[in-house]
Amino acid sequence: MSVPPNGCNISLSDLSKATYAFAGRYSLKQTNGDPGFPSSFMIRWDDLTSIVNQVTDPHANPYVAPENLAMRFIHRFDSNTQIWFLTMELMEMAPANPAGARQLTPLQCTRYDLVNGKISTSTFIGDYDPAYFNSLFYFNGTNYVPLDVTKHVMSITYPWLIEIQELYNDNYINTQPVEPVFLTFNSCSFFADQNSGNKFANIEWPHTTAVSINEGGVSRMSNNPVTPTTLFTTRAADMGTLNPPGVNFYVLPPDLHW
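To convert, take the position in the sequence shown, counting from 1, and add 994; that gives my numbering.
Everything labelled a hint here was simulated from the structure, so no lab data went into it. It cannot be assumed that every hint is accurate.
Label-pair restraints from in silico Cβ distances [unchecked claim]:
| hint | residue 1 | residue 2 | range |
| --- | --- | --- | --- |
| 1 | H1053 | N1134 | 45 to 55 Å |
| 2 | T1025 | N1192 | 29 to 39 Å |
| 3 | P1239 | G1135 | 12 to 22 Å |
| 4 | A1088 | T1025 | 10 to 20 Å |
| 5 | P1219 | D1072 | 15 to 25 Å |
For lysine-lysine, the following DSBU-like pairs were computed, each having C-alpha atoms within a straight-line distance of at most 30 Å [claimed, not checked]:
| hint | residue 1 | residue 2 |
| --- | --- | --- |
| 6 | K1112 | K1193 |
| 7 | K1145 | K1023 |
| 8 | K1193 | K1023 |
| 9 | K1011 | K1145 |
| 10 | K1193 | K1145 |
| 11 | K1023 | K1112 |
| 12 | K1023 | K1011 |
| 13 | K1193 | K1011 |
All residues carry an ideal CB built from backbone N, CA and C; glycine is no exception.
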């Protein structure tokens, strides 16, 4: 996988590999590799942007400039309905430090639950969901083991402007969207090189996400070539910082690849 300046873009074939890898590494049972729950869901683009507009309005309180806005998506699991979903927390990114990392500060505003088809106010608190960690097992190459909050991914943080907004902009720079436009959150695993000098995960196959566009019920994902100026056209954005280990920082994780 390449690492474009605005994050990584993955094709339909790479997305298929990543979702297949997730299914082979995560399970609700300790005896097989079937996750046992849907590995993707959609929310409406307009619902998301209405929340963004509330905090990027210069008269807002709290206010954050669009280029400094980040979104932390916390892995959640509902054991009653057997559904994986996400809780979104809005963050402010500080200027990059010498290593290129941007410290994150949570905005003092509402969290939101993202469940298939809707965004709603969340009552969830904390940095990780105990139900998620108590429900899933991870295949370490030999055995299925319980998730560990010191090793496994609690959440994924994306920059708003250069990743999520750019995903939309690139797909519609030369065409009008077919309404309604949705964001699809795909549950994925990419290889993380544990021999790298700059580890961006504590395990070889972390649970991350890839975000793609769906318009009018049809996915825009493809393997068609893309131009350097519109890298996310028919692609998915997936260069979110994994937490842990980058709990309080956003940084591009180039060690996640095939």
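Mind checking the alpha carbons of K1023 and K1011 for me, to see if they're no more than 30 Å apart? 22 Å, holds
Against the 30 Å threshold, does the CA-CA distance of K1011 and K1145 hold or violate the hint? Satisfied, since the Cα-Cα distance of roughly 23 Å is no more than 30 Å.
Straight-line alpha-carbon gap K1193 to K1011, limit 30 Å: 22 Å, holds
If I claimed the Cβ atoms of T1025 and N1192 lie 29 to 39 Å apart, would that claim hold in this structure? 35 Å, holds
Going straight from one Cα to the other, do K1112 and K1193 come out at no more than 30 Å? Violated, at about 34 Å.
Given the hinted pair K1145 and K1023, is their Cα-Cα distance within 30 Å? Holds, because 19 Å separates the two Cα atoms, which is no more than 30 Å.
Just to be sure I understand the hint, the distance between the Cβ atoms of P1239 and G1135 should be within 12 to 22 Å; is that true here? 20 Å, holds
Cβ-Cβ distance between P1219 and D1072: within 15 to 25 Å? The hint (15 to 25 Å, Cβ to Cβ) is violated, given that P1219 and D1072 are roughly 40 Å apart.
Taking 45 to 55 Å as the stated bounds, is the beta-carbon spacing between H1053 and N1134 within them? 50 Å, holds
Take the C-alpha atoms of K1193 and K1145, compute the straight-line distance between them, and say whether it is at most 30 Å. 12 Å, holds
Against the 30 Å threshold, does the CA-CA distance of K1193 and K1023 hold or violate the hint? Holds, at about 28 Å.
Starting from the hint 10 to 20 Å, judge whether the C-beta atoms of A1088 and T1025 obey it. 45 Å, violated
When held up to the earlier numbered hints, the structure conflicts with 4, 5, 6 and fits the remainder.
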